[in-house]
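**Student:** In case you want the letters, here they are:
Number of protein chains: 2
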Amino acid sequence: MSIDAPAQLVNLQDIRTAAERIGDLVLRTPVIELPHPERPDELLHCKAESLQPTGAFKIRGASNAILQVLETARDNGVVAQSSGNHARAVAWLAHRLGLRTVIVMPDAAPAPKVAAVRALGAEVELVPAAQRDSRALELAAERGCVHVPPYDDLRIIAGQGTVGLELLEQLPDADIVLVPVSGGGLISGISTAVKAISPDTKVIGVEPELAADAAESLQQGSRVTWTPEQTYRTVADGLRTTSLGVHTWEHVRRYVDDIITVSDEQMLAAMRHLALGGRLVAEPSGAAAVAAWVHGLAPAGSRVAAVVSGGSVDPALLASVLEQGR
Amino acid sequence: MSIDAPAQLVNLQDIRTAAERIGDLVLRTPVIELPHPERPDELLHCKAESLQPTGAFKIRGASNAILQVLETARDNGVVAQSSGNHARAVAWLAHRLGLRTVIVMPDAAPAPKVAAVRALGAEVELVPAAQRDSRALELAAERGCVHVPPYDDLRIIAGQGTVGLELLEQLPDADIVLVPVSGGGLISGISTAVKAISPDTKVIGVEPELAADAAESLQQGSRVTWTPEQTYRTVADGLRTTSLGVHTWEHVRRYVDDIITVSDEQMLAAMRHLALGGRLVAEPSGAAAVAAWVHGLAPAGSRVAAVVSGGSVDPALLASVLEQGR
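Chains as they are written, first to last, in the working numbering: chain G, 9 to 334; chain P, 9 to 334.
Here chain G stands alone, though its shape is the one from the complex (with noise of 0.2 Å):
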């Protein structure tokens, strides 16, 4: 349960004023048929968000934020915390905006997302994973830049929320979609969208079965912490937030049908479908829906859909899935 702060929600029309702002930076993904592995005319309606200029949806939540203080952004830069995909949506707008940035990123982040961050000009600074919260809100108070949290934030939810209105104008029918759930942003930001457009459309959360926090959260009806050491194990690095935050356990106990996990094999047997069947690169994490459509854990419906998150592989992960068969 939260004593943090008094949970918040976004509403249509907050996601709406995102996607005229946020219009001329991000790309708006199409959405791919991909046909299941061994049903061919059964298909998934993946909304390809790995193809956004930093290979993930992020950049939608992290420009909402910023353009909505770019003056004092243009005056003392931004500063954000981040596993790999946020961080490189931030770095990457600052780069495009001019802004100087800071990037805090756990010591444990893949060295191409590290890497990636740099190359964009963006100064890093690594943490243990634990402090990366706090010492990005330090830099803040220290520099009186912006600061651009992760997901538990109404302008990124709002901006993260864009995804689903573009889903439901690309495919109206939509009868469930699925979507991968790290800190919650995202599903968020999904969940409003389509349950004010289309109420009886059911929106799904996909989780890593460890690092399952978000599922037990909402079948225990309250917001619950697993541990980095737990989180951790988990091949999905996108997925390994501990909890949900404030605003985001309000928007997912609120909008969010039900949460189902699956296997870190199940998401690279995924990915390997992504880039054979879909011609899309697609990271553990991103592929974590389409997982759990391709093993049958999700409701059956006539029109599914599913979030492909993020597409930023390491390159020998994606080389050992292509090799093994299915």
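Some hints could be false.
[Said to hold, decoys possible] Label-pair distances were calculated between CB atoms; the ranges are:
#1 51/G x 76/P: 20 to 30 Å
#2 183/G x 238/P: 44 to 54 Å
#3 310/P x 31/G: 17 to 27 Å
#4 180/P x 241/G: 45 to 55 Å
#5 32/P x 183/G: 42 to 52 Å
#6 265/G x 17/P: 50 to 60 Å
#7 48/P x 150/G: 22 to 32 Å
#8 208/P x 241/G: 54 to 64 Å
[What the hints assert, rightly or not] Which stretches of chain G does chain P cover? Using the computed rule of at least three CB atoms under 8 Å from a CB of chain P, they are:
#9 29-43
#10 59-66
#11 287-294
Hints in this document: simulated from the structure, not taken from any laboratory. Backbone N, C-alpha and C define an ideal beta-carbon position, used for all residues, glycine too.
Following the hints, position chain P against chain G.
**Tutor:** Relative to the frame of chain G, chain P by itself:
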């Protein structure tokens, strides 16, 4: 030089009509920003035709041809010959439109491409590469079915031209457009659209140096034919056609500014870069135009676009490419 038939040209209106006709069947593919591997501020704008339902642009021309004779196709079925992606496009369209199909494929076609066509319910006939054209025409005559040629046909050229139409809507100030060349259907349609809408935009073809019949044709000013023994040396199995067609040569001669060549190694390196930098799975043929840009072989421009024409790749090849450093 052609003695077969008088060469004909498509025009912009043919391409606009095709776009309306095929709009419900094909994906409006996104344009993805690909940073240069050494100079990340330089961007290539990749038109990701690899994301079409059958993994290549071929569905555009095939649907434009079939939809014009749908009644005959319903009565007697369709036949096509192809090294892979055209076959898959015709089989997929036939499956979706409920038509019987027979596909004539060269016996050297990669097994996954043959399997993909059979999985769509098509009858497959494997013949030596040199006989595939005559066998397809023979089948069309025997059965009265609709013959869907792979490239040298005005309906096919107009359909492929819709790539150019979309690209100029998405990137109106493109100054260079790079296009892989095999039989020339894709570049014929694209160059027709581009020169009609934006005459100053350069259209540059890209061919494997091991199958450079079109480059040689443009240099000599007449249509040159290579042998299958020559063209089948390249890893780019989608670009092994031995000559341009009668009609495609006429388009290339008039509208294409230059045709340049790339090595097999350059295409494989571009495949790797597309997967990691652009999250796109491309086959070697599909990466040819990107290879020309990555390796500095294309003319410099401030807004350069490349067509990623296909992504039906052998998993072992993609895995081996990912395991190699640049």
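**Student:** For every hint, state whether the structure bears it out.
**Tutor:** Structure-based check of all given hints:
no., hint, result
1, 51/G x 76/P: 20 to 30 Å, "holds, 26 Å"
2, 183/G x 238/P: 44 to 54 Å, "holds, 53 Å"
3, 310/P x 31/G: 17 to 27 Å, "holds, 23 Å"
4, 180/P x 241/G: 45 to 55 Å, "holds, 49 Å"
5, 32/P x 183/G: 42 to 52 Å, "violated, 21 Å"
6, 265/G x 17/P: 50 to 60 Å, "holds, 55 Å"
7, 48/P x 150/G: 22 to 32 Å, "holds, 29 Å"
8, 208/P x 241/G: 54 to 64 Å, "holds, 57 Å"
9, 29-43, "holds (count 6)"
10, 59-66, "holds (count 3)"
11, 287-294, "holds (count 4)"
Violation of the numbered hints given earlier is confined to hint 5; every other hint is satisfied by the structure.
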